[in-house]
Each structure stands twice: as C-alpha cells, then as structure tokens.
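With the sequences and hints as input, model every part of the structure.
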Amino acid sequence: MAQPSAANRQSTLAAPDTIAQPFSRRSLLRGALMATGALAVPSFLTGCSSSSGGSGGGKTVSIGSNAAIPEPKGAYQTLFNQVQQTTGLTVNVNWVDHNTFQQNITTYLQGNPQDVFSWFAGERMQFFAAQGLLSNVDDVWAKIGANYTDAMKAQSKGADGHYYFVPFDYYPWAVYYSKSLWASKGYTAPTTWDDFIALAKKMKGDGLIPMAFTDKDGWPAMGTFDYLNMRINGYDFHIDLMRNGTKWNTPQVKAVFDQWRELIPYYSPGFLGLTWQEGAQQLLNKQAGMMVLGLDQIGTIFTGAQADDLGFFAFPEINPTYGQDSVEAPIDGFMMSRSPKNKAGAQSVLEYLGTAAAQQLWLGSNPADIATASGVDTTKYTAPQAASVQLIQGAKHLSQFMDRDTRPDFADPVMLPAIQQFLNNPDGAAGILSNIDKQAKTIWASNG
Amino acid sequence: MTALDSTPPTRIRSRPRRLSPRDRLTLTLMAGVPTVLTVGFVWIPALLSMVLSFSSWPGIGGVSSIHWVGLQNYRTIFTIYPEFTPAVQHNLLWLAVFFCLPAPLGLFLAVQLDKQIRFSRFYQNVLFMPVVLSLALIGFMTELIFSPTQGLINNLTGHAGQHGMIDWLGDPKLNIWAVLVMACWRQTGYIMIMYLAGLKSVDPAMKEAAALDGANQWQTFRHVVWPALRSINVVVLVITVVESLRAFDIVYVINHGTNGLQLLSVLVTDNIIGEASRIGFGSALATILLLISMAFIVPYLITVFRKDQRG
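So the protein lines, in turn, are chains A and L. Read in order, the letters of the first sequence correspond to residues 1 to 448 in the UniProt record's numbering. Read in order, the letters of the second sequence correspond to residues 1 to 311 in the UniProt record's numbering.
Hints are computed from structural coordinates only; laboratory data are not their basis. These numbers come from a predicted model, not from an experiment. All C-beta atoms in this analysis are idealised placements derived from N, C-alpha and C, irrespective of residue type, glycine included. Careful, some of the hints might be misleading.
Said to hold, decoys possible - Here are some, though not all, of the chain L residues that point toward chain A, as calculated from beta-carbon distances under 8 Å:
| # | residue |
| --- | --- |
| 1 | L169 |
| 2 | T258 |
| 3 | E275 |
To be verified - Which bits of chain L does chain A cover? Going by a derived footprint, with three or more residues having C-beta under 8 Å, they are:
| # | region |
| --- | --- |
| 4 | 56 to 62 |
| 5 | 80 to 94 |
| 6 | 145 to 159 |
Written as structure tokens, this is what we have:
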C-alpha cells in the first residue's frame with residue numbers, strides 16, 4: 001500500500017490536479033496480476049532460494065533503488081555517478097518501482113538482492129534485521145558516526161544493538177498552512193489544543209475549510225493518530241503500543257479517539273473520497289486553512305515561487321506533561337543485504353552516502369526533504385526546509401509514522417480500515433478499539 | 001476392404017483402437033499438456049493454499065518456519081475480522097446485481113440488434129466497446145466520473161462544492177453502487193454479444209413459420225427464440241458468477257478495496273502480498289472464496305454432465 005514517501009515519489013511526476021494519482025499505474029496492474037495468482041499460490045516458490053554470497057566482487061557494487069520514476073531517479077543518478085567518482089567503484093543500479101519494491105521486499109531479501117538497497121528506518125528496518133536478512137553496518141558507522149545525532153543513531157540500530165541502516169534523508173510531519181492566507185486573515189499559530197480548536201472555529205466562520213483532511217488512500221490519517229497519541233499519552237506509550245500491540249483496548253487509546261472526534265467537524269467535506277493531493281490543492285488554492293501532512297508530500301505541491309508561502313507549526317500541545325516534545329519524522333536511507341557480493345565496496349558506498357556532501361548533492365533537486373547528516377550547507381534550503389530542520393532538532397523524540405513503527409502485517413491490513421471505520425462512525429470508537437485489540441493479539445501471537 | 005466384411009458391432013468396438021500411433025500421440029499431447037499445466041499451476045497450488053490455510057507463516061525462512069495452528073485462521077476470520085462480513089456481502093450484492101441488470105438488459109439489447117434495424121452494426125460496436133476495456137481502466141474512469149470534487153457528475157449537477165457535496169467515492173453506502181454502475185455498463189456489452197451470437201444460430205425459417213402461424217413478437221420470442229437460447233443461458237449464468245466473484249481491479253484502483261468497497265479477492269491480496277504477509281490467514285480467505293465459487297460451479301457441472309449422459 002501507499003506510504004507517505006511512496007506517494008511523494010509518484011506525485012513528483014504527475015500534475016497535482018489530476019485525480020487518479022495516489023497509486024502508480026504499474027503497482028496497480030501488478031496488483032491485478034497478483035490477485036489472479038494469489039488465489040492460486042501464496043509465494044510458496046519464493047521462500048527457498050538464498051543468495052549466492054561471497055566476497056571479492058572486485059570493483060563493482062550493485063544497488064537496489066526504489067526510485068524508478070524519472071524525478072527521484074534523475075537525482076539518484078547524479079548521486080550514484082558521484083559515488084563512482086568518489087569511491088572509484090563501478091555502481092550497478094537496479095531501478096524498481098517504489099511500491100513494487102516495498103511489497104516484494106520479503107521475497108527480494110531472500111532471493112538474490114543487490115549489495116546495497118534503499119529502505120526505511122524504524123520497526124520496518126528492525127523487523128527484517130531480526131529475521132537475519134541484513135548485514136550489520138557497524139564498520140560503516142565507525143567512520144560516519146560523527147555525522148549523526150544520537151537520535152539518528154538510535155533510529156539506525158536493530159533490536160540487538162547493531163547498526164543496520166544508514167540514514168539519508170527525512171522530513172517532518174506538522175500542521176501546514178499558506179502564509180499569505182494567514183497574513184490576510186490575521187491568524188496566528190496555536191500551541192495548545194484549545195487555541196487550535198478556536199482557530200478552526202474562526203476559520204469556519206470565515207468560510208474556509210478549517211482543516212484539509214483526506215483519507216481515501218488510508219494512510220494520511222495515521223499521521224494524525226500518531227500525533228494525538230504522542231501528545232496525549234507520550235512517546236513511550238505510543239512506541240510501546242506500536243511495537244507490542246498489547247494496549248489497544250485501554251482508556252488511554254480511547255482518549256485519543258475522543259480527542260480526534262472534536263476535530264472531525266472541521267475536516268474537508270467528503271474527506272474519505274479525496275486523495276491527499278486534492279487536500280493539498282485545497283490548501284494551495286486558499287480554500288482550506290490548515291493540513292496535517294508530511295513535508296515530503298506537501299512540498300511537492302507548494303513548489304517554485306510558492307515554496308516560501310508554505311508555513312507550518314508543530315502539532316499543538318494537549319497534555320502538558322508531554323508538551324510538543326515528539327516529532328513525526330520518517331527517515332529514508334540505505335541498508336546492506338545479508339551476503340553482499342562485494343562487501344568492502346558496499347561499505348565504502350554506504351560511507352559516502354552517510355556524508356553531508358552526498359546528501360546535499362541529492363537535495364539539490366529535492367526540496368521536499370532534508371538531510372540526515374550534520375554539516376549540510378543550510379543556506380541552500382528553502383524556507384520550509386530550514387524551518388523543518390529547527391523543528392526536528394528541537395524534538396526530544398522522533399517517531400517514524402504508524403506504518404513504519406509497527407508490524408507491517410498490522411498497519412495496513414488492520415489499522416488502515418479501522419481508522420476509516422472510525423472516521424465514518426466516530427461514535428463507534430469503543431467497538432472498533434476492542435476489535436483492533438483482538439486482532440492485534442492474534443497477530444502478535446502468530447508469526448505470520 | 002476388410003472393414004466392409006466385418007460385422008457392425010465389432011467395427012464399433014474396434015474403432016478406437018484403429019487410431020494411428022501418430023493420432024494417439026497428438027491426442028495425448030493435446031489433452032495431456034493442458035491437463036498437466038492446469039494441475040500443476042492451478043490445482044496443486046490451490047490444494048497447497050488449502051493446506052497453508054491451517055498454518056501461520058510470514059513467508060520468511062522457508063518451509064521449516066511454518067507453524068500449524070489448526071482452525072485458528074478461520075476462527076479469526078469469522079469472529080474478529082471486521083472486513084470479512086462486508087466483503088462477502090459485497091460479493092453477493094455484486095452477483096445479485098449482475099443477475100438482475102446486465103443479464104436481462106444484455107438479452108434485450110441483443111434481441112433488438114438482431115432485428116437488423118438500421119445502423120445495427122454501429123450500435124453493436126458502441127455497446128460492445130466497454131468490454132474491450134480492462135476493469136482497471138474502468139476504475140480510472142469511475143474516478144473521473146464520480147470523484148466528489150473533480151468528477152463529471154458532481155460538477156454537472158452542481159454538487160461539487162463544499163455544501164451539499166455528494167461523496168460518491170468516500171461514502172461507504174454510495175461507493176459500491178457507483179462502482180456497480182460502471183461494472184454493469186461493461187458487463188451488459190459482454191452479455192449482449194453472447195446472446196447475439198446465440199440469436200444468430202436461431203434458424204430464421206422458424207421465426208418466419210411462427211409469424212405465418214400468426215404469432216406476435218412476444219410469442220415468437222417466448223416459444224421459438226427463448227428455447228433455442230438454452231445453452232447460451234447456461235454460459236451467461238456461469239460468466240455472471242465468475243465475473244462477480246473475481247471482481248477486483250475496479251475497487252483496487254479506487255481505494256485498494258477499503259471503506260465500503262471490500263471484496264474477498266481484495267482481502268486475499270491484502271493479506272498475502274505485502275512487506276510482511278500473513279500467508280496462512282490469506283490462504284484461509286482464499287479457501288473460503290474457493291468454496292463459495294464451488295457452491296455455484298459444482299451444481300452447474302453436475303447438471304451439465306447429467307444432460308450429456310442422457311443425450
């Protein structure tokens with residue numbers, strides 16, 4: 001299913017005003033094909049082969065990239081050319097469509113994967129590390145460690161304490177708005193929940209949609225859940241809920257949905273039939289006042305001259321104990337496969353990717369993300385990029401996003417429809433939660 | 001010459017043995033290769049899916065990591081899986097609608113076109129055209145037509161604004177109907193072409209004879225044409241069942257089959273294809289879908305074989 005970053009990769013290609021874009025055509029056709037096949041055999045054939053490992057691949061390093069479509073591909077191509085120049089290695093890239101790559105990751109890692117490949121931080125990385133499908137990259141971190149903050153280091157380790165991930169770029173989730181619209185109406189950024197609701201009320205009075213909100217794709221609502229939960233119950237409760245799945249049917253989680261119910265009257269009409277691009281358009285066209293989204297998405301809608309009109313504020317405080325201490329900031333990066341053909345080469349490629357220079361080169365053509373390494377020339381950032389750096393650096397905790405912080409077989413199959421069900425029927429939260437709880441228990445108890 | 005001398009009963013008995021080795025080889029290949037392929041690629045995997053439906057397996061780490069959990073998956077599906085009930089309902093709704101709308105409408109259109117009216121070929125092409133389009137493409141068209149803010153219908157009828165917007169794709173009570181309208185549009189052309197082919201095989205002399213005997217159009221249809229269409233009716237029945245159970249692409253395009261568009265095929269896909277899959281759980285869903293199809297297909301096959309024996 002679509003993930004925040006997946007959606008971005010696609011949207012950079014398609015014009016924002018076409019409506020059929022939140023999924024790639026290819027993944028769709030593949031989905032259709034899979035459906036035919038899936039009824040017959042669940043990948044029985046794919047589980048057995050193992051990679052023909054070994055070292056001494058010489059001067060070639062292979063990279064599996066999930067950026068097959070022109071926009072990110074061009075930027076990565078430039079980057080990989082620079083990798084060749086810097087390391088003196090020949091880089092051999094296998095380009096795969098973003099969603100295809102994601103959906104096939106299990107098969108891919110058990111088959112004959114490239115030495116280095118793109119992936120995400122958080123539980124999504126730890127899950128595969130725990131399955132023994134990755135090599136640890138402790139040697140790489142011995143060299144690049146100084147480039148990263150402690151928060152980044154924590155996000156790059158598996159449950160066993162070894163490093164498995166080299167962060168490359170990331171972006172915050174926040175409440176976005178059009179600066180010029182706010183200036184003309186005289187709005188100011190709220191910091192507490194009451195101010196937030198008061199502002200939404202005022203916007204409604206001014207004839208605006210207070211909050212652009214869309215959930216046809218299913219995942220955009222997860223960002224709001226994450227923030228509400230972190231603001232009400234704190235980061236530790238949130239991560240514990242995501243990792244262990246044991247506390248869904250508790251008053252704490254019920255409180256999240258109760259709080260959420262207060263927001264729903266201010267959402268875009270028909271939000272379950274709209275894509276996030278349509279919501280972002282409402283913001284761009286000054287029909288809507290605010291929107292909870294990631295920079296990675298909204299940054300592809302507010303482009304060019306409009307980039308500097310994009311303002312944001314941190315999701316407001318609800319429980320003073322936790323204030324605004326957590327920021328949702330999904331990190332993308334690279335990992336090394338279980339038995340790379342050229343381990344030494346793969347390590348030197350990862351070392352280069354973990355430098356500010358490499359990330360700056362790539363960001364030159366992608367103003368919707370920020371670099372993970374320290375030491376990037378921030379004068380080249382757009383206003384929203386620079387403000388994002390501040391927001392993230394001020395955070396005590398970074399979360400990754402629901403579908404990156406919890407088990408993959410729980411996020412999309414269970415939470416995505418459950419949240420849609422809640423949004424359809426906000427008064428049914430109790431029943432929905434007890435059902436999530438039962439499903440979570442069976443999923444965590446099973447191994448698949 | 002010897003054949004002429006032998007008595008008829010022995011001739012009949014010995015006839016099959018007279019196939020030349022080459023004929024036998026051809027027949028073996030023609031019947032054998034498809035059988036091997038079907039058994040290998042359809043039946044064995046289907047049986048394996050049924051076996052896997054009693055297991056819990058993430059698809060990682062080979063066969064040794066499969067855990068056998070008995071009926072656990074089925075218990076979960078029937079008790080705490082909230083997507084299952086709507087999916088079954090939507091599949092049955094799909095089936096009912098396909099029986100009630102495209103089937104009679106397709107027959108009606110076919111009968112009209114069979115009358116050799118002017119521009120008959122043109123109408124035929126126009127009505128058949130949607131059948132050429134894949135359901136995935138029809139999914140995109142559904143979005144263009146029904147999108148709440150940018151779709152054709154809401155913009156033509158003035159329901160695209162913030163007030164009084166009709167949420168065709170997001171309202172779970174409405175979106176299945178929007179999808180069904182589009183699916184029926186395609187299905188009607190399909191059924192029409194089936195019946196048209198059937199009608200061509202009705203001997204015109206019989207219709208003329210009926211007309212000479214003073215039968216009106218309805219009587220001719222009821223007593224001459226309809227009985228001749230019996231074999232086509234069976235085909236249409238099967239196609240209708242198959243098409244409604246395998247519906248997938250159109251809802252997957254719109255919202256991946258969530259929020260009011262759940263179908264069994266989508267649930268199977270959601271659970272099996274993905275970053276980490278619940279292969280046992282998905283297989284249990286697939287097995288249920290298989291059993292539902294069997295419930296429709298087996299009685300049909302029994303009737304057909306019985307008729308063959310009698311004939």
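Consistency of the hints with the structure:
1. L169: This interface hint holds because 4 Å falls under the 8 Å limit.
2. T258: holds, 5 Å
3. E275: holds, 4 Å
4. 56 to 62: Answer holds; 7 residues pass the 8 Å Cβ test.
5. 80 to 94: holds (count 4)
6. 145 to 159: Since 5 is at least three, the answer is holds.
When the structure is compared with the earlier hints, no violation turns up for any of them.
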